[in-house]
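Visitor: With the hints as constraints, model all of the structure from the sequences given.
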Amino acid sequence: MQFAQTGDGELIFRGPLNDREQKGKMLIATDASRKASLDMRLVDQELFGDDPENKASHCARLVADYYQKYNEQKGTQFIFSDLSTYKPGEWNIFQEIKDKLVRDYNIPAEEIRFIQEAKNEKQRKEIIKQMNEGTIRVLFGSTSTLGTGVNAQKRAVAVHHIDIPWRPSDLEQRNGRARRSGNEVAKLYANNNVDIIIYAVERTLDSYKFNLLQNKQLFITQLKTNSLGSRVIDEGAMDEENGMNFAEYVAILSGNDDLLQKAKL
Numbered sequence: 098m099q100f101a102q103t104g105d106g107e108l109i110f111r112g113p114l115n116d117r118e119q120k121g122k123m124l125i126a127t128d129a130s131r132k133a134s135l136d137m138r139l140v141d142q143e144l145f146g147d148d149p150e151n152k153a154s155h156c157a158r159l160v161a162d163y164y165q166k167y168n169e170q171k172g173t174q175f176i177f178s179d180l181s182t183y184k185p186g187e188w189n190i191f192q193e194i195k196d197k198l199v200r201d202y203n204i205p206a207e208e209i210r211f212i213q214e215a216k217n218e219k220q221r222k223e224i225i226k227q228m229n230e231g232t233i234r235v236l237f238g239s240t241s242t243l244g245t246g247v248n249a250q251k252r253a254v255a256v257h258h259i260d261i262p263w264r265p266s267d268l269e270q271r272n273g274r275a276r277r278s279g280n281e282v283a284k285l286y287a288n289n290n291v292d293i294i295i296y297a298v299e300r301t302l303d304s305y306k307f308n309l310l311q312n313k314q315l316f317i318t319q320l321k322t323n324s325l326g327s328r329v330i331d332e333g334a335m336d337e338e339n340g341m342n343f344a345e346y347v348a349i350l351s352g353n354d355d356l357l358q359k360a361k362l
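Here the working numbering is used: the first residue of the sequence shown is 98, the next is one more, and so on.
Simulated from the structure, these hints should not be mistaken for laboratory data. For glycine and all other residues, C-beta sits at the position ideal for the given N, C-alpha and C. Hints are supplied without guarantee of correctness; some may be wrong.
[Claimed, not checked] Just the calculated beta-carbon pair ranges, DEER-fashion:
#1 F145 <-> K216: 18 to 24 angstroms
#2 K216 <-> L144: 18 to 24 angstroms
#3 S278 <-> L144: 30 to 36 angstroms
#4 D196 <-> T232: 16 to 22 angstroms
#5 L144 <-> R277: 41 to 47 angstroms
#6 L144 <-> G246: 21 to 27 angstroms
Guide: Shown next, in the form of structure tokens:
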């Protein structure tokens with residue numbers, strides 16, 4: 098917030114802004130906030146290191162839990178992020194999580210893949226085929242590379258969102274890779290459910306983005322139900338059958354207990 102007001106680059110661990118950057122300081126502030134809420138190493142790798150409580154660590158622990166829980170069924174998992182995706186030779190959140198899964202939880206490296214590794218349609222189809230077979234157990238990708246046109250749901254047991262997309266449709270597309278007909282493991286062993294895990298950091302841009310998702314989804318719902326003029330507003334469920342609704346999630350991320358209690362009313 099202070100950087101957005103002053104434009105002091107040192108506040109976000111960078112040098113002074115030039116005139117052009119000063120004009121775009123709000124975009125720079127948003128970009129820095131996105132990086133900080135995902136992993137502080139994206140802001141400055143020399144200044145910040147790994148942390149057992151960061152998103153990568155939490156995600157790796159949960160992925161390993163699901164891996165073991167559905168090991169007999171060769172259950173598979175999707176991991177999504179639109180920021181810091183896989184790039185060979187460059188630090189990124191995808192490779193960091195994979196390294197933790199291999200090093201700390203003894204999951205075979207060959208069972209963990211990045212959709213970005215596919216250089217052509219033939220390779221892409223092979224990765225999808227191996228996901229359905231359970232040869233690949235964990236698949237990383239972004240909304241654009243993995244969120245559409247991927248029918249790899251046969252053994253899916255969980256979808257992990259390590260960032261929060263800007264649009265409700267993107268969240269829906271991501272979840273749709275696993276929550277769709279043809280998911281045999283979910284049907285036979287998980288009461289036809291696929292767990293959706295969203296990783297968010299309290300009092301960061303995650304809170305703003307989730308609030309934005311809530312408002313956009315509310316508007317879309319009102320358009321669909323022709324209730325834009327209604328005085329009674331349903332704040333909308335993210336997934337009422339399986340967890341919190343949007344309002345509760347926004348309240349938790351804000352760190353405001355009073356807001357959380359209001360959301361539960």
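Visitor: May I ask which of the numbered hints given earlier this structure violates, with the numbers listed in increasing order?
Guide: Numbers 1, 2, 3 and 6, in rising order.
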